[in-house]
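Undergrad: Here's the letter readout for the chains.
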Amino acid sequence: MAAPPAPATVETAPTASSGARRVLAGLALPISLAIVTALLLLWLAAQPLDSIERRQLDLGVLARRLVEHLELTLLSTAIVVALAVALGIALTRPRLRPLAPLGVAVANIGQAVPSIGLLVLIAIVAGIGPDKAILALVAYSFLPILRNTLVGLGGVDRSLIEAGRGMGMSVWQTLRRVELPLAVPVILAGVRTALAINVGTATLATFVDGGGLGDTITAGIRLGRETVLVAGAALTAVLALALDWAAGWIESALRPRGLDP
Amino acid sequence: MAETPISPAAPPPAAAIRLEAVTKRYRGQAEPAVDALTLEVRPRELLVMVGPSGCGKTTTLRLINRLLDADEGWITVDGEDTASLDPDALRTRIGYVIQQVGLFPHMTVAENVATVPRVLGWDRARIARRAEELLELLGLDPADFGDRFPRELSGGQAQRVGVARAMAADPPILLMDEPFGSLDPITRARLQDELLRIQGSLAKTILLVTHDIDEAIKLGDRIAIVDRGARALQVAAPERVLSDPADDYVREFVGSGAALRRLGLLRVRELEPGHWPALPRAAERHVVRDELIASGRPAALLLDEAGRPWRWVTARELERGGEPGTEPGVPASAELTPAATLHEALDAIVRGGVGAAAAVGDGGALHAIVDLEAIMAAADPSRPSQRTAGGEEAGLVRS
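Chains as they are written, first to last, in this note's numbering: chain A, 1 to 261; chain B, 1 to 399.
Simulated from the structure, these hints should not be mistaken for lab results.
Where a beta carbon is used, it is the ideal one built from N, C-alpha and C, also for glycine.
Among the hints, erroneous ones may be present.
Said to hold, decoys possible - For each label pair, taking beta carbons as the anchor points, the in silico distance ranges come out as:
no., chain 1, residue 1, chain 2, residue 2, range
1, A, R158, B, D248, 29 to 39 Å
2, B, E252, A, L254, 51 to 61 Å
3, B, Q29, A, R97, 14 to 24 Å
4, B, A30, A, R95, 19 to 29 Å
5, A, R158, B, A246, 29 to 39 Å
6, A, W249, B, R124, 22 to 32 Å
7, A, D157, B, D193, 27 to 37 Å
8, B, G353, A, R158, 50 to 60 Å
9, A, W249, B, D81, 53 to 63 Å
10, B, A125, A, R158, 30 to 40 Å
11, B, D184, A, R158, 24 to 34 Å
What the hints assert, rightly or not - Facing chain A, from chain B, some residues (calculated, C-beta under 7 Å):
no., residue
12, R91
13, Y96
14, Q100
15, P105
16, H106
Given these sequences and hints, build the entire structure.
TA: Here is the structure:
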């Protein structure tokens with residue numbers, strides 16, 4: 001006679017020390033970014049600066065461009081999330097599912113056109129300014145979120161939807177309580193990709209008078225001032241890494257419990 | 001003796017679920033998945049629909065709770081035409097256990113169980129109380145299991161949670177799609193027993209679907225044997241299906257072990273007891289011997305002062321006398337009760353070695369003596385009874 005099957009229970013609570021280690025590992029990046037930024041500022045302070053450089057590297061100017069850059073990135077990403085997730089949800093409903101490949105194809109055009117070309121095209125059609133830059137960023141980063149929303153929702157086990165519907169959950173309740181939570185990890189991976197794309201591409205906003213750290217970089221190039229160029233490029237890199245770290249943190253925070261292997 | 005109704009004697013007034021000539025075709029398939037099915041599930045009965053894989057059983061369940069809409073025919077639940085009801089509202093009244101269990105992996109066990117009450121807008125306290133109650137009902141400690149996630153459960157535990165979730169809002173009707181299909185045999189048997197226990201106290205209307213004829217026989221008040229297109233070939237009490245299959249298909253589906261399976265359905269108390277000599281142990285040895293010879297049986301049962309089975313003795317042992325201080329014969333086992341199945345009785349007879357077994361009632365007193373002849377007669381009611389003359393009987397038992 002075989003013994004009754006042992007319950008396959010898994011201990012989930014991580015031990016205190018491993019939890020602390022994980023927090024430390026998570027903080028390693030922001031700490032090193034802070035150190036790099038401090039070193040950059042120290043290095044700039046030690047440089048003999050002429051009047052042009054001083055104007056470009058004024059802390060107030062740098063901070064303003066940094067904030068502009070952050071605004072371009074976050075705003076465009078927020079808009080993309082709203083639009084692409086909504087479209088992704090629509091395209092995974094049974095009635096619209098046949099249109100999903102079309103949606104992906106259209107979104108693919110946005111990403112296939114070189115970013116600078118897209119920006120210029122939009123500027124020609126719609127004019128210049130930060131809002132036009134955001135428009136370009138939205139078009140450019142639409143695909144990863146749409147695709148991940150489609151994949152995430154499409155990957156939800158059909159039997160779970162069947163179970164939800166079979167017990168009397170409405171279409172909307174099934175979407176909100178079952179499908180979306182289960183698709184969140186995949187969707188957020190798409191958001192993280194879009195964020196990375198946008199924070200880099202936002203440097204091009206300067207060409208349509210969109211502001212951001214691109215202003216500092218192009219000024220450095222145009223005026224032949226390497227310290228300005230280095231400062232703009234380094235700050236962009238720091239911002240990109242910081243945003244990616246934050247996105248990763250949000251990703252793990254929003255990941256539904258119970259899914260981790 | 002031929003018919004022992006298991007379902008309630010009086011015919012219930014109305015069907016809980018009624019399918020009338022229901023047909024469902026899937027696009028791109030020549031044959032309908034469900035072909036003009038007419039079936040009635042009575043209130044508070046457990047009807048098992050059994051048939052081969054892909055014969056439309058699952059489709060039938062999905063038609064009842066309107067996950068699918070029928071192409072032809074109509075379905076009523078509690079007398080209401082389901083086509084006229086809001087599907088979501090209808091489904092909250094019907095518990096549904098799907099084949100794949102389908103627990104939501106991102107919700108705890110308690111949250112999973114709370115699914116339907118949440119849809120119905122119960123308040124938190126009531127939902128929590130209900131979840132606890134149900135987990136207890138299904139043998140899961142709420143304190144231990146309530147906060148677990150599905151991946152932390154064994155297959156059997158997950159299945160229990162699936163059943164608890166389906167019963168959360170106390171629906172009068174349950175649809176169960178192969179609820180124990182993916183479990184190992186031991187766990188499956190245990191869950192089947194649990195289902196019978198729960199059904200014994202709650203008396204829901206249950207339509208359970210399986211491809212396992214043994215499961216159907218064990219669980220069903222009635223079973224519906226279906227073929228492709230969910231065509232119902234026979235709908236009857238399990239023992240009826242076993243003893244009197246409607247056609248060759250049913251006979252084949254039930255399989256060659258039908259007579260043995262019937263033994264698991266019949267109870268010792270339903271048997272006509274065998275006439276074996278049973279005497280108090282204090283009886284004179286020659287009295288026992290005379291009675292034993294007169295009965296034509298190979299052994300007599302001696303009872304102790306309280307009337308409990310004590311030892312079996314043969315005529316030879318009685319003649320030989322035996323040494324002082326030793327008791328004659330072999331000890332009589334007294335494990336059988338009137339509620340035991342004939343399967344268990346047969347086991348006791350074979351193990352006992354005297355060709356009969358004693359069944360005891362309350363307090364251990366002798367209830368009846370069960371022999372092979374009685375079991376054979378019960379297992380095949382179409383066989384003419386041979387309990388006519390003592391001599392003939394004895395010959396049969398002895399051979």
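Undergrad: With a cut-off of 7 Å, does the beta carbon of Y96(B) approach a beta carbon of chain A closely enough for the hint to hold?
TA: Y96(B) check passes; min Cβ-Cβ to chain A is 4 Å, inside 7 Å.
Undergrad: May I ask you to test the hint 30 to 40 Å on the CB atoms belonging to A125(B) and R158(A)?
TA: holds (34 Å)
Undergrad: At a threshold of 7 Å, is the proposed contact between R91(B) and chain A supported by beta-carbon distances?
TA: Since chain A brings a Cβ to about 4 Å from R91(B), closer than 7 Å, the hint holds.
Undergrad: Lying within 22 to 32 Å: is that true of the beta-carbon distance W249(A) to R124(B)?
TA: Holds, since W249(A) and R124(B) (Cβ atoms, about 31 Å apart) stay within the stated range.
Undergrad: Please verify that hint: H106(B), Cβ, nearest Cβ of chain A, below 7 Å or not.
TA: holds (4 Å)
Undergrad: The hint names P105(B) as touching chain A; please verify it with the least Cβ-Cβ distance against 7 Å.
TA: It holds, given that the least Cβ distance between P105(B) and chain A is near 5 Å, below 7 Å.
Undergrad: Is the distance from the Cβ of W249(A) to the Cβ of D81(B) consistent with 53 to 63 Å?
TA: Once the Cβ atoms are compared, 54 Å apart, the range 53 to 63 Å for D81(B) and W249(A) holds.
Undergrad: Is the distance from the Cβ of R158(A) to the Cβ of D248(B) consistent with 29 to 39 Å?
TA: Since the Cβ atoms of R158(A) and D248(B) sit about 38 Å apart, the hinted range of 29 to 39 Å holds.
Undergrad: Is the distance from the Cβ of G353(B) to the Cβ of R158(A) consistent with 50 to 60 Å?
TA: holds (57 Å)
Undergrad: Evaluate the given range 27 to 37 Å for the C-beta pair formed by D157(A) and D193(B).
TA: holds (30 Å)
Undergrad: Quick one: are D184(B) and R158(A) within 24 to 34 Å, going by C-beta?
TA: holds (25 Å)
Undergrad: For the pair R158(A) and A246(B), does the Cβ-Cβ distance stay inside 29 to 39 Å?
TA: Given range 29 to 39 Å: holds, Cβ gap about 36 Å.
Violation of the numbered hints given earlier is absent; every hint is satisfied by the structure.
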